[in-house]
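Visitor: Residue numbers (the numbering used here), protein chains in the order written: chain A, 155 to 723; chain B, 28 to 311.
Simulated from the structure, these hints should not be mistaken for lab results. No residue lacks a Cβ here, since even glycine has one placed at the ideal position from N, Cα and C. It is possible that some hints are incorrect.
[What the hints assert, rightly or not] Derived lysine-lysine pairs resembling DSS-like cross-links, with alpha carbons at most 25 Å apart:
#, chain 1, residue 1, chain 2, residue 2
1, B, Lys-87, B, Lys-174
2, B, Lys-38, B, Lys-174
3, A, Lys-579, B, Lys-237
4, B, Lys-87, A, Lys-556
5, A, Lys-480, B, Lys-87
6, B, Lys-38, B, Lys-126
7, B, Lys-126, B, Lys-237
8, A, Lys-579, B, Lys-38
9, A, Lys-579, B, Lys-126
10, A, Lys-556, A, Lys-480
[As the list claims (entries may be wrong)] Covered stretches of chain B, going by a simulated chain A footprint (3 or more residues, C-beta under 8 Å):
#, region
11, 63 to 73
12, 111 to 123
13, 189 to 198
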Amino acid sequence: MTVLAERLPAGAHAEHHDEPTLIVKWLTTTDHKVIGLSYTITSVILFFLSGIMALAMRVQLSSPGGAGMSPQTYNELFTMHGAIMLYLFAGPFAFGGLANYIVPLQVGAPDMAFPRLNAFSYWLYLSGSITMLLGFFTSTGAAAFGWVAYAPLSSSVYSPGPGADLFIMGLFLTGFSAVFTAVNLITTIFYLRAPGLTMFRMPIFTWNMLVTALLILIAFPVLTAAMLLLFADRHFGTHFFTVSGGGVPVLYQNLFWFFGHPEVYILALPYFGIITEILPVFSRKPVFGYKGLPFFSLLSLLIAVPTGIKFFNWIGTMWRGQISYKTPMLFAIGFLLGFLMGGLTGVMLASPPIDFATHDTYFVVAHFHQVLLATAVFAGFGGIYFWYPKMFGRMLRDGLGKAHFWTLFVGFWLTYLPQYVLGLKGMPRRVFIYPSGLGWGALNMASTVGAFLIGASFLFMLVNLFVSWRNPIPAGDNPWDGHALEWFTSSPPPHHNFVKLPPIRSERPTWDFNHPDAPVLPHGRHAKEQPALVGVGSPAGTSGGPAQTPSAPADGGTAPGDGSGETGH
Amino acid sequence: MLLGILLGGCKLPTFYGYRGVTSQSHDESLLYEGTVIAAIVVGVITGSLIIWSALRYRRKSDTIPRQFQYHIPLEIFYTVVPIVIVLALFGFTVYTENKIDNVVPNPALNIRVTAFQWGWRYDYTNYHVFVEGVRTEDPDPVGLDGKTCVQSAPTPNDCLGPGLVMPVGETVRITLLSNDVVHGFYVPQFNFSRYALPGVVNRFDFNVQKPGIYRAQCTQLCGLYHAEMFFHVVALPRAQFLAWVHGSQPQPITDAGPIPTAAQSAKAFVPAAPAATTKSSAAS
Numbered sequence: 155m156t157v158l159a160e161r162l163p164a165g166a167h168a169e170h171h172d173e174p175t176l177i178v179k180w181l182t183t184t185d186h187k188v189i190g191l192s193y194t195i196t197s198v199i200l201f202f203l204s205g206i207m208a209l210a211m212r213v214q215l216s217s218p219g220g221a222g223m224s225p226q227t228y229n230e231l232f233t234m235h236g237a238i239m240l241y242l243f244a245g246p247f248a249f250g251g252l253a254n255y256i257v258p259l260q261v262g263a264p265d266m267a268f269p270r271l272n273a274f275s276y277w278l279y280l281s282g283s284i285t286m287l288l289g290f291f292t293s294t295g296a297a298a299f300g301w302v303a304y305a306p307l308s309s310s311v312y313s314p315g316p317g318a319d320l321f322i323m324g325l326f327l328t329g330f331s332a333v334f335t336a337v338n339l340i341t342t343i344f345y346l347r348a349p350g351l352t353m354f355r356m357p358i359f360t361w362n363m364l365v366t367a368l369l370i371l372i373a374f375p376v377l378t379a380a381m382l383l384l385f386a387d388r389h390f391g392t393h394f395f396t397v398s399g400g401g402v403p404v405l406y407q408n409l410f411w412f413f414g415h416p417e418v419y420i421l422a423l424p425y426f427g428i429i430t431e432i433l434p435v436f437s438r439k440p441v442f443g444y445k446g447l448p449f450f451s452l453l454s455l456l457i458a459v460p461t462g463i464k465f466f467n468w469i470g471t472m473w474r475g476q477i478s479y480k481t482p483m484l485f486a487i488g489f490l491l492g493f494l495m496g497g498l499t500g501v502m503l504a505s506p507p508i509d510f511a512t513h514d515t516y517f518v519v520a521h522f523h524q525v526l527l528a529t530a531v532f533a534g535f536g537g538i539y540f541w542y543p544k545m546f547g548r549m550l551r552d553g554l555g556k557a558h559f560w561t562l563f564v565g566f567w568l569t570y571l572p573q574y575v576l577g578l579k580g581m582p583r584r585v586f587i588y589p590s591g592l593g594w595g596a597l598n599m600a601s602t603v604g605a606f607l608i609g610a611s612f613l614f615m616l617v618n619l620f621v622s623w624r625n626p627i628p629a630g631d632n633p634w635d636g637h638a639l640e641w642f643t644s645s646p647p648p649h650h651n652f653v654k655l656p657p658i659r660s661e662r663p664t665w666d667f668n669h670p671d672a673p674v675l676p677h678g679r680h681a682k683e684q685p686a687l688v689g690v691g692s693p694a695g696t697s698g699g700p701a702q703t704p705s706a707p708a709d710g711g712t713a714p715g716d717g718s719g720e721t722g723h
Numbered sequence: 028m029l030l031g032i033l034l035g036g037c038k039l040p041t042f043y044g045y046r047g048v049t050s051q052s053h054d055e056s057l058l059y060e061g062t063v064i065a066a067i068v069v070g071v072i073t074g075s076l077i078i079w080s081a082l083r084y085r086r087k088s089d090t091i092p093r094q095f096q097y098h099i100p101l102e103i104f105y106t107v108v109p110i111v112i113v114l115a116l117f118g119f120t121v122y123t124e125n126k127i128d129n130v131v132p133n134p135a136l137n138i139r140v141t142a143f144q145w146g147w148r149y150d151y152t153n154y155h156v157f158v159e160g161v162r163t164e165d166p167d168p169v170g171l172d173g174k175t176c177v178q179s180a181p182t183p184n185d186c187l188g189p190g191l192v193m194p195v196g197e198t199v200r201i202t203l204l205s206n207d208v209v210h211g212f213y214v215p216q217f218n219f220s221r222y223a224l225p226g227v228v229n230r231f232d233f234n235v236q237k238p239g240i241y242r243a244q245c246t247q248l249c250g251l252y253h254a255e256m257f258f259h260v261v262a263l264p265r266a267q268f269l270a271w272v273h274g275s276q277p278q279p280i281t282d283a284g285p286i287p288t289a290a291q292s293a294k295a296f297v298p299a300a301p302a303a304t305t306k307s308s309a310a311s
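From just these sequences and the hints, can you work out the full model?
Guide: Now the structure itself:
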């Protein structure tokens, strides 16, 4: 007896009668999948641009004398490198791109709650990004006051010229984009979940996106407002941040870090979500300690404790699993090791006396780059390797993916380990040259070599994309034997995502459907009590699965049935 | 307390950090070393668990593993342990920070340090003397034992920028100000940095234990020539300090003698202004 909840594409939009051209289709689309891909592609292009800036800076720093770059150019490059990576890549890549694509699929919705607002968000993001980059084409150059744009350095006195204004306005636009996407995701998750998908049956990825969206609602309006105040100081004669007019420069720092502190979690949580999708699938296990995960996402303010807990959730997920090392899994392990180092050094920096000794040195640079590369690069591109087959219905080559991983992994450690030492020896960040005779040259050269390895690793990914485009290997609906709902529909999903849905009795309905005799063990029962299970079911998706009713997992609380009714916790 | 017992017992490895030349920096370095050891212990345990499970549980067959999801005692354990670690670190942090941030009521010497784009001014308010210098490759003349800075510093580039002369073994009060944008007052061997904020007065004390020349630099991005906003600390024995501050010791910059690294550093540093370091006995 096949029990499937039939679901009409609710909220369908008017059909297009005349097929418009591809470009018009893209310009006018409200499909969350197309918008999500647009976000992803735009942010990855910006990531490459910003990466090239980083390589140029590493060349300049490879020896004490520098390579002839002017301080103005260097200051512009690190400002834009940081701004692009943090505002235009790391956030939008996961939150605008992957969340947009995956969350509606994971909650079994036909689209986002507000499809037109979603499109508007993307166009705001794109125009904001272009606005910020246009600074390079002005006569005074792009903004050169660091990605934090501290007042009064960012005032019209110390940073005249349109580059700074374009930076501020670019942030203003992308700030609104983030807020709109957050509103959209929250509404989607609260109101468009499929029948039976209670909050505590949502995949962790969706949970983390929900928490991220709430944090964005708290943080981004403050940043956007601070940018407006800064703009008013620059052009309308106000004195919010200038001492001469009775203003307070520290006010800017306070406003900025009111945004900046939650921003850390806004950047990290989506990537934690990706890792928490990849590890269980490739370990063939449920997420360990599932119910603790969303709870501690909410309590992230004491970051070390919940992050430590997450580590043990991830290790517990792999523990006694059957781990297969496909490319996404390697990236997930790379994330774990990189984030462990970045996290531990973060705990050290959280102690003010240690921060006194290392503040604004390369120790800090190494710390936050390790955290950000672990998340946005290892977890982020791990997510791309994981969901690419779903998005395009074709596989990426595993060999090229592994070459990408290992080059990146070696480059990652070679780049940042020397920077910790440089920071402890007293090398400040944001310097275009440094004195000779202090023994910093060799460490900087090692770091530069590592940075080029990181850059080179992405060539493997580009080749991989090219090969998969030229010689496609069909992926099928569920190539990894996935757990959540997105693996239940076709690859790529149809216009409104689902033709039918399986009964939802846990946070991994697709697994339950394909492996009806391997549900999650009940609370408080130890692993030894469940007999070893022999591989069952075909890893096929929608229609190829075994025609059985999945037995209800013990934490579900409802009888196996037609998937309607929302009995929650 | 506990920290003191640890301190008395043994010298910990420095892990690339500076042990420091001020009494405040010793406190910092002890906290740093202890924290690194704790981080290594946690990191090795966690890292080994990751690598162990990654290698041990490689997929060997098509068997579906047991689908366990919860283990309440274990979850409580790994929640409580990080909380305990963080609380312990917090305790040591508070203890150390109070010692570092402590300012005495009557310091032996007051120096008002004013940062500006792109240089430093030091007002010795008790003596009506000030020193001002901008970014420069010309080393400041004042060194130890009547020698020039370059002659007494470990490497000549330690002498870049204006010298902040202070006595050894006495509490020196720094009052930190900024004339324009945010700067960072950072002396690596003091294990210390602090923002110089326009409109804000920051006060802190140093007690230098060892005579010497200590390289220093602005750490907070302050515009075009931030990278060259050097300074250095010249810690002199009290008699030499008094000789300097009363005007008998310092030589004019032209007497600084040959600068061994001029050729070496010429490539790295663009001279900023013709005037390098000036000391004036004008009232502050």
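Visitor: Holds or violated: are the alpha carbons of Lys-126(B) and Lys-237(B) at most 25 Å from each other?
Guide: Since the Cα atoms of Lys-126(B) and Lys-237(B) sit roughly 19 Å apart, the hinted pair holds (cutoff 25 Å).
Visitor: Test coverage of the region 189 to 198 of chain B by chain A using CB-CB distances below 8 Å; three residues minimum.
Guide: violated (count 0)
Visitor: Taking beta carbons only, do three or more residues of the region 111 to 123 of chain B come closer than 8 Å to chain A?
Guide: holds (count 6)
Visitor: Per the coverage rule (Cβ-Cβ under 8 Å, at least three residues), is the region 63 to 73 of chain B covered by chain A?
Guide: holds (count 5)
Visitor: With a cut-off of 25 Å on the C-alpha distance, tell me whether Lys-87(B) and Lys-174(B) pass.
Guide: Given pair Lys-87(B), Lys-174(B) is violated - Cα atoms ~72 Å apart, limit 25 Å.
Visitor: Is it true that the CA of Lys-38(B) sits at most 25 Å from the CA of Lys-174(B)?
Guide: violated, 33 Å
Visitor: Between Lys-556(A) and Lys-480(A), does the CA-CA distance stay at or below 25 Å?
Guide: OK: Lys-556(A) and Lys-480(A) at ~8 Å, within 25 Å.
Visitor: For the pair supplied as a hint, Lys-480(A) and Lys-87(B), confirm whether the alpha-carbon distance does not exceed 25 Å.
Guide: holds, 14 Å
Visitor: Given the hint that Lys-87(B) pairs with Lys-556(A), does the C-alpha gap stay at or below 25 Å?
Guide: holds, 20 Å
Visitor: Verify the proposed pairing of Lys-579(A) with Lys-237(B), using a straight-line Cα cut of 25 Å.
Guide: holds, 19 Å
Visitor: Could you grab the alpha-carbon distance between Lys-579(A) and Lys-126(B) and see if it respects the 25 Å cut-off?
Guide: holds, 23 Å
Visitor: Run the distance test for Lys-579(A) versus Lys-38(B): straight-line Cα separation, threshold 25 Å.
Guide: holds, 20 Å
Violated hints, in rising order: 1, 2, 13; the structure is consistent with all others.
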